[in-house]
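Those sequence lines, one after another, are chains C and Y. Note that the first sequence ends on residue 254 in the working numbering; no numbers are left out. Note that the second sequence ends on residue 286 in the working numbering; no numbers are left out.
Each hint should be verified, as a subset may be incorrect.
[Stated by the list, open to error] Not everything, but these chain Y residues come out facing chain C in the computed CB check (under 10 Å): (1) 18; (2) 42; (3) 44; (4) 92; (5) 133; (6) 154; (7) 158; (8) 167; (9) 169; (10) 172; (11) 175; (12) 176; (13) 178; (14) 224; (15) 282.
Hints in this document: simulated from the structure, not taken from any laboratory. The C-beta atom is built at its ideal place from N, Cα and C for all residues, glycine as well.
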Amino acid sequence: MEEALITLRDLSVDYGPRQALQNVSGIFHEGSLTAIAGPNGSGKSTLLKVLAGVIRPSAGKIVFAQGRKPVMAYLPQVSHLQRDFPISVEGLVYTGFYPEIGERKGLEAKRERAAKKALKDVGLEGYENRSIGELSGGEFQRALFARVIVQNAPIILLDEPFTSVDAETTSRLIKLLLKWHKEGRTIICVLHDLLMIRKYFPESMVLQGKCLGSGHTHKMFEQKLLSFDLDMAELYSAHEASNHTHDHEHSHDA
Amino acid sequence: MTLDALFIQPFVETAMLQKALVACIVLSVGGVPLGFFVTQRRIALASDAMSHAILPGVAVAFLISGFSVWPMTFGGLAAGILIALFSVFLGRYTKIKEDAVFTLLFLLSLAVGVVLLSLKGGEEDIIHVLFGDTLAIDKEKLIFITSVTVLTLFSLAAIYRGLVLDCFDPDFLMASGRGKYVRPVFFVLFIFNLVAAFQALGTLMALGLMLLPAIASVFWTHRVGAAIVLSVIIAVISSYAGLLISYHANTPSGPTVVLVCGLFCLGSVLFGRRGSAVSFVRMKNF
């Protein structure tokens, strides 16, 4: 049996009076490739932020297999980044070393080489000195993936990495994702695209404030928690209606 | 009039002008890099409100001990920190919007400060506090300004990478687990620099030297380091040019320095290499 690398226990997150996550429990196995799905505002990005350590849960906890938080690479939503900041592509990739080297240590030649190689891997060779503001949406996302590469982390958290990205870049980045999966890294990715989830992500977790279900992706589709017939916003209503019917039946049984 | 008499002699002959120039250059070296991060974090307007928040503390110190450097410094620091904490409280526990908090605190601080100043001082004293008197820089003020600059440079060196990340990818900084101290240190440095700049430029002009060169620099370069160095150069040139103009034209020194900073900034926004009005027109035509 696969080992549970990360266990969520009754995780809740409040933003002021609004509850973004409510008693979410679940497991992420080591080496798994999991999609976090759900309609807008369902708490997907919030869950990723809690996992990454960006925000603290207001209740519940996260238990890591090793007892303490392992190294994680985190790719935030592109819209949360300031694209007109005066930094070069190379500079952006170097920021990936910050969790490891902090303020004191120098970059050293090996890290500079690693950054160059990462840029080559994502097809941005020769872009080193360009400003990030000059990049297209796809190129910027590739630069962010290069930063994930240099972090060389066993756990990778990606928040909507394919939003506003052209088909060619998506295909390139998916290949990278599958390569990481093959290397045994644990990948948790917030996604909207159901087709992509079914095709590439063996595991899924469906959120709507609370966790509607998690496990093998094909089971999520079987249980209609993920469905091509309904859009994400309708899924929750369908799920609620079905729960309501079950409750009603149970009360009749009683 | 020779070029020497026009550009050099005023600073050689006038001790007040020398001290004013040294104060402005020292302020530029420490405060402008900090101002760069203020503008990049898009809190320039909030920081403007904060610059007025020090006024009630300065005014209380003035009521107690007149124009003394250290009481006014401590009064300004205390008021700045208290009002900043109060703004956080209002933003978190009431439904007032962020810009409304700053408007409220800006106007209230300014009004309270001016009313308190008027209890003891005349119109001239009020103008002195609001617009500063760069030419009245003395040894004590220079010591304070230099100490703040040294503290700022060492602190910035200690949190530089974190500050860069906090500007353009704050979530990544927090996820790194290393970002806890970056914002509090940055905030304390900002208040210290505000009070230091106040000594030379008054509460209304204090931010001009810190922020305007920083805004100008990003229209010329896309490198953080280069932008910071360029900001400092612009601030130093503006200080020299502003003081020189104020000497020859007999205009108030602080506002003239800020006026030159503003012209540099406006010129960069219109004619800079990156993202300026001219580069926009060129892009549309070709």
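Here's how the hints hold up against the structure:
Nearest Cβ of chain C to the Cβ of residue 18 of chain Y: about 34 Å, over the 10 Å cut. The hint is violated. Interface restraint check for residue 42 of chain Y: the shortest CB-CB distance to chain C comes to about 8 Å, inside 10 Å, so the restraint holds. The restraint placing residue 44 of chain Y at the interface with chain C is violated, with a minimum CB-CB distance near 14 Å, outside the 10 Å limit. For residue 92 of chain Y, the shortest C-beta to C-beta distance to chain C is roughly 8 Å, which falls under 10 Å, so the interface hint holds.
Taking 10 Å as the C-beta cut-off, the interface hint given for residue 133 of chain Y is violated, the closest approach to chain C being about 35 Å. Because the closest C-beta pair between residue 154 of chain Y and chain C is about 12 Å apart, greater than 10 Å, the hint is violated. With a least beta-carbon distance of about 6 Å to chain C, the hint placing residue 158 of chain Y at the interface is held under the 10 Å criterion. Annotation: interface hint on residue 167 of chain Y holds; nearest CB of chain C at approximately 6 Å, less than 10 Å.
Interface hint status for residue 169 of chain Y: upheld, as the beta-carbon distance to the closest one in chain C is roughly 5 Å, under 10 Å. With a least beta-carbon distance of about 6 Å to chain C, the hint placing residue 172 of chain Y at the interface is held under the 10 Å criterion. Hint status for residue 175 of chain Y relative to chain C: holds, with the closest Cβ pair at about 4 Å, below 10 Å. Given hint, residue 176 of chain Y at the interface with chain C, holds; its Cβ is 4 Å from that chain's nearest Cβ, closer than 10 Å.
A distance limit of 10 Å between C-beta atoms decides the matter here; for residue 178 of chain Y the minimum to chain C is near 6 Å, and the interface restraint holds. Using the Cβ-Cβ criterion of 10 Å, the hint placing residue 224 of chain Y at the interface with chain C is satisfied: the shortest such distance is roughly 6 Å. Checking residue 282 of chain Y against chain C: minimum C-beta separation of about 15 Å lies over 10 Å; hint violated.
In summary, the numbered hints that this structure violates are 1, 3, 5, 6 and 15.
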